[in-house]
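*Asks:* Numbering follows this note's numbering, with no gaps: position 46 of the sequence shown is 57.
These aren't lab readings, by the way, just hints derived from the structure by calculation. Yeah, the Cβ is synthetic: ideal placement off N, Cα and C, and Gly gets one too.
Cβ-Cβ distance ranges computed for the label pairs, FRET-style:
hint, residue 1, residue 2, range
1, 20, 51, 27 to 35 Å
2, 31, 80, 15 to 23 Å
3, 69, 41, 13 to 21 Å
4, 104, 51, 25 to 33 Å
5, 51, 103, 28 to 36 Å
6, 52, 15, 28 to 36 Å
7, 102, 44, 14 to 22 Å
8, 32, 85, 26 to 34 Å
9, 41, 87, 14 to 22 Å
Lysine-lysine pairs mimicking DSS-like chemistry, simulated, CA-CA at most 27 Å apart:
hint, residue 1, residue 2
10, 21, 58
11, 22, 61
12, 58, 22
13, 61, 21
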Amino acid sequence: MNIESIIQEKKGTIVDVRTPEEFRGGHVAGAINIPLNEVPYRVEDLKTLKAPVVLCCASGNRSGQAHRYLQQHGLECYNGGSWLDVNYYQSLAV
Numbered sequence: 012m013n014i015e016s017i018i019q020e021k022k023g024t025i026v027d028v029r030t031p032e033e034f035r036g037g038h039v040a041g042a043i044n045i046p047l048n049e050v051p052y053r054v055e056d057l058k059t060l061k062a063p064v065v066l067c068c069a070s071g072n073r074s075g076q077a078h079r080y081l082q083q084h085g086l087e088c089y090n091g092g093s094w095l096d097v098n099y100y101q102s103l104a105v
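Full structure from sequences and hints, please.
*Replies:* Here it is as structure tokens:
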């Protein structure tokens with residue numbers, strides 16, 4: 012399944028790994044904010060979320076780092092890239 016379908020069909024959880032300040036400035040509706048620096052300490056929390064987890068940030072760099080780390084810890088997750096892209100895909104949902 013591709014990321015666009017997961018987002019549009021609300022099959023998982025969107026996690027934004029930007030800072031709380033960035034998140035407050037705008038984010039995907041329904042997204043959870045877990046800053047990248049907290050990800051290693053919140054793996055167990057992330058494992059309780061509806062899978063798959065779609066990670067996003069400002070450009071895709073931080074979400075890519077989180078994706079690699081979480082995959083190594085057995086989480087079903089995807090790098091959604093920029094939160095603006097994820098927001099766009101969500102807006103296409105029927």
